[in-house]
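One-letter residues, chain by chain:
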Amino acid sequence: MDLLQGTLDMLVLKTLILGPLHGYGIAKAIRGSSNEALDIEFGSLYPALKRLEMKGWIAAKWETSDHNRRAKVYRLTPAGRKQLRREHSKWTDFVSAVAQVMGPLGDGAKS
Amino acid sequence: MSIWRKLKYLRPSVRRTQNRDMEEELESLAAIAGPRELGNITRAAEQARAVWGWAGVEQLHRDLRYALRSMRRSPGFTITAVLSLALGIGANSALFSLLDTVLLRNLPVHDPERLFFIENVGVKGNPNGAPPYPCFERIRDETDAFAGMAAFTSNDLNVNIDSNLEAVFGQYASGSYFEVLGLKPFLGRLMTAADEQLNPPVAVISHSYWKRRFGGDPGIIGKAISLGPDNVKIVGVTPPEFVGIQPGRMIDITVPITLQNKALLHDKGGWWFYLVARLKPNVSAQQARAEVDPIFQNFMGETYTPLDEWRKEFDHIELLPASKGQSYLRERFSHPLLVLMAIVGLVLLIGCANLANLFLARATSRRREFAVRLAIGAGRGRLIRQLLAETLLLFSFGAASGLILAHWGITLLTGFFAVGRSPVRLDAHIDLRVLAFTTVLTLLSAVLFGLAPAVSAVRRDAYPTLKDSESHVTATHARATTRQLLVVAQVALSLVLLVVAGLFIRTLVNLDKLDGGFRPARVLTLSVQPLGPAYQGPRLDAVWANLLARVRSLPGVRSASLSTLTPLSGRDSMTGVTASGFFLHGSQDRIVHVNTVSDGYFATLGIPVLLGRDFVSSDVQGSPKAAILNETAAKFYFGDRSPLGNTLDFGNGLYQIIGVVGDAKYQSLRESAQRFAYVPVTQPRRRESRLTLSVKSYGPPAPLLSAVRQQTQAIGPNILINEVMTMQQQIDANLVQERLMSLLSGFFGVLALLLSAVGLYGTLSQVVIQRTSEIGIRVALGATRGAVVWMILRRSLATVCLGVVIGVPAAFFATRPVESLLYGLKPTDATSLLLGTSVLLFTALLASYLPARRASHIDPTVALRYE
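Chains as they are written, first to last, in our numbering: chain A, 3 to 113; chain B, 4 to 870.
Keep in mind the hints are simulated off the structure, nothing from the lab.
For each residue, glycine too, the CB sits at the ideal point set by N, CA and C.
Worth double-checking, as some hints may not be accurate.
[Unchecked claim] Using C-beta positions, here's what the derived DEER-type ranges look like:
(1) B/GLU26 - A/GLY21: 23 to 33 Å
(2) A/TRP93 - B/GLU26: 52 to 62 Å
(3) A/SER36 - B/VAL443: 35 to 45 Å
(4) A/ASP41 - B/GLU26: 52 to 62 Å
(5) A/GLY105 - B/VAL450: 36 to 46 Å
(6) A/GLY105 - B/GLU30: 23 to 33 Å
(7) A/LYS63 - B/ARG19: 39 to 49 Å
(8) A/ASP41 - B/ILE82: 52 to 62 Å
(9) A/LYS63 - B/HIS410: 56 to 66 Å
(10) A/GLY21 - B/LEU10: 54 to 64 Å
(11) A/ALA39 - B/ILE387: 51 to 61 Å
(12) B/GLU26 - A/SER36: 44 to 54 Å
(13) A/ASP41 - B/THR484: 54 to 64 Å
(14) B/VAL450 - A/SER36: 30 to 40 Å
[What the hints assert, rightly or not] Listed below are the simulated SDA-like cross-link pairs for lysine to any residue, each with C-alpha atoms no more than 25 Å apart in a straight line:
(15) A/LYS57 - A/ASP68
(16) B/LYS11 - B/THR45
(17) B/LYS11 - A/VAL75
(18) B/LYS9 - A/LEU20
(19) A/LYS74 - B/VAL375
(20) A/LYS74 - B/ARG65
(21) A/LYS57 - B/ARG23
(22) A/LYS57 - B/GLY37
(23) A/LYS74 - B/SER626
(24) A/LYS74 - B/SER229
(25) A/LYS30 - B/ARG52
(26) A/LYS57 - B/LEU13
(27) A/LYS63 - B/VAL450
(28) A/LYS63 - B/PRO204
(29) A/LYS74 - B/ASP147
(30) A/LYS16 - B/VAL17
(31) A/LYS74 - B/VAL443
(32) A/LYS74 - B/GLY37
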């Protein structure tokens with residue numbers, strides 16, 4: 003599925019609300035929580051991470067994981083939290099508006 | 004996103020650290036995620052880098068480095084391109100700078116738009132300076148429209164600085180002069196209205212004079228110098244940008260106008276100065292004029308009767324904008340300068356056509372490179388951006404070198420003008436306006452001639468190119484035609500320039516050969532002026548007699564004479580005369596030019612005596628006054644009768660006509676015949692305080708100079724010698740414009756020719772390369788060397804002939820504006836046309852020879868294998 007840039011940003015922010023993750027972990031999380039429906043290409047995700055980092059909504063730090071592996075781990079910043087709340091409400095408004103317009107398909111055809 | 008953060012990423016050190024960090028991160032993630040899980044990491048990194056912004060700048064940096072490398076790899080191309088550009092842009096910038104100084108630049112004064120000259124204008128609309136001083140005073144006192152008004156006139160002044168007599172460009176001006184102009188002093192103070200009281204008399208010097216003569220010494224303030232009998236104190240220095248109100252005339256010293264001869268200040272009939280005035284805010288020029296004109300008309304009505312005779316010259320007042328500075332320079336030089344500008348514009352076009360050709364050729368040879376890059380995924384826009392960087396870099400180098408050339412060119416040109424009796428000192432230099440002009444010109448030519456051909460190479464037909472040999476016809480055919488057309492255009496333009504050069508050179512030759520009515524060979528002239536109260540009355544007469552005797556006694560001197568005017572001196576003197584028996588049709592008929600001369604004048608200057616005799620030493624005070632007419636005057640006043648024995652009345656007694664001499668040109672070589680009357684220096688209309696000594700020598704005149712000087716100074720103290728020149732130098736100075744035009748148009752004509760020859764040579768070489776296999780086949784099938792040469796030459800001839808066919812009518816059309824600059828020929832002069840065409844054809848043949856020869860030596864066995 004193709005995603006708009008803004009939507010991807012929102013997904014990343016939401017994913018991090020449960021705790022900090024590294025880049026690959028974020029990709030896995032999104033895949034997992036969407037039941038494999040959203041398989042984000044790393045090539046799109048990684049720039050999105052950098053973008054969010056530049057905007058100051060997430061912050062990165064080098065950490066050593068349990069297997070003694072170094073990885074850059076991202077966490078939500080307070081500004082990021084605020085942004086997420088904003089995006090979330092915009093998104094729910096958007097979804098209900100579209101749903102209203104679309105309504106049930108009244109032509110009898112099976113979707 | 005804050006702008007500061009974005010700016011941080013502009014620094015290469017920051018980018019480098021971030022890059023390294025990113026690489027580490029990606030490595031670590033790859034280790035965690037396993038192979039192929041992350042997909043195209045390189046692309047991810049690239050996208051991420053794009054987030055930092057400034058990708059454009061990085062790219063530009065890279066493009067420029069690449070451009071420099073490729074320029075270094077093809078030095079021939081680079082040097083040719085930069086040189087052509089430097090010449091074209093340099094010449095254009097130099098001329099623009101001159102034009103700017105003469106035509107466009109504003110006076111560096113406060114609010115120049117409010118400054119106006121108050122001028123009399125004749126019935127035909129010709130401006131004539133300011134009304135007489137008493138009228139000026141009335142205008143000043145009785146009008147309300149002006150914030151200030153000042154009279155000024157420039158004069159050659161002789162000043163005595165520390166007992167050294169020196170000649171300077173001086174100016175008499177009202178005390179309010181600097182106030183009206185709104186200037187602030189650079190040092191000390193400037194003149195004010197109070198200084199007109201001459202309490203004490205003050206002087207203001209120019210910045211350039213201050214630097215030149217006093218070495219910029221700040222102690223100059225308060226220094227006393229003497230101007231004739233008056234002692235003046237230097238009180239200030241004007242700012243460096245201000246050189247005077249007439250561009251081209253750099254005033255050294257300004258003194259109060261009240262230092263002038265008192266008689267002049269009260270003379271109701273003296274028209275001798277100019278008037279500059281500043282309008283009050285909210286007053287229009289129209290309103291001001293309406294206030295001034297009635298005062299002028301009243302004054303004229305009182306002073307001049309009958310008024311109608313003078314209306315032709317002094318009809319009403321007009322206010323002329325002063326913002327560019329009244330300038331005889333502009334009248335004299337704007338036309339030739341514009342013509343020159345057109346010429347260098349054409350040269351630039353020709354040079355650019357060459358460049359376009361070069362770029363096209365280069366683009367053709369880089370087709371493969373572009374095709375490969377396009378194939379591996381480079382965006383078309385990316386390639387075009389790189390080409391843009393290359394083109395702009397090349398053109399910038401050309402422009403920079405061009406500016407250096409322009410600087411030299413300007414120095415050369417201004418030096419050219421700065422010789423002669425009244426040197427024209429131009430303050431032309433490279434400033435912001437010139438730089439702006441150069442930049443615009445460079446960008447325009449870069450886009451038109453550099454980019455367009457290069458971009459055409461990066462086109463859809465890239466893929467087929469990879470499979471093809473050099474002789475891929477369809478792709479290169481269009482380009483070849485373009486190149487040929489460019490050469491045709493170059494040939495046509497060169498022909499136009501050659502014809503123009505021919506016209507100017509022939510004009511110069513015509514004028515040089517022109518008989519001025521005198522023999523300039525081996526004649527030296529110098530101005531002699533005894534200064535001081537000691538030289539008055541009969542003592543002055545004695546000086547002149549003494550001088551002639553001494554100089555004539557020098558060995559090597561064939562003859563010597565004194566006169567107020569000498570041919571082409573630029574001086575003039577006119578007066579009204581009544582000839583006996585001549586019926587006046589109007590007051591204009593009375594006007595003759597007058598030259599007061601000693602005996603031997605006509606012999607010295609080689610003016611033939613046609614009738615009667617020359618003045619002799621017995622024509623002195625006491626004897627009947629004698630006068631001589633020139634041929635034109637004699638014919639005008641006396642028709643076919645002999646004028647001898649008739650009389651002339653100058654207003655101070657009757658002069659008897661004792662001879663007629665040939666016409667001579669006094670103002671300019673181009674002038675039409677004027678009426679001249681000569682009176683003896685021993686029986687003058689008034690005593691002359693300055694005369695020109697003319698010396699004709701047996702050998703070259705220059706070695707005699709020191710001896711003549713010695714004899715002159717030996718007569719007494721304070722004898723000022725000035726304006727030393729040989730007659731030939733005088734003629735050269737008179738012809739400065741013609742010499743300049745010939746020199747420059749000739750130079751640029753040859754340059755254009757060379758550029759076109761290079762263009763022709765280049766295209767032909769390319770043709771030979773392209774048709775190598777074809778030629779190989781022909782030779783293999785039995786074509787002779789001659790046939791091959793002819794095949795190539797035929798191509799060249801076709802191009803050149805087409806160029807000539809277009810060029811000839813273009814020349815007819817283009818030379819029409821220069822008609823007024825020519826002498827003795829029409830713009831459609833057949834000789835110049837023929838000469839231009841033959842030179843062109845000859846050069847074209849020469850240029851075609853080498854490629855044709857190369858073609859004829861093609862070894863078929865090599866050619867057929869040539870890809």
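field: Hints the structure fails to honour
entry: 2, 3, 4, 5, 6, 7, 10, 11, 12, 14, 15, 18, 19, 20, 22, 23, 24, 27, 28, 29, 30 and 31
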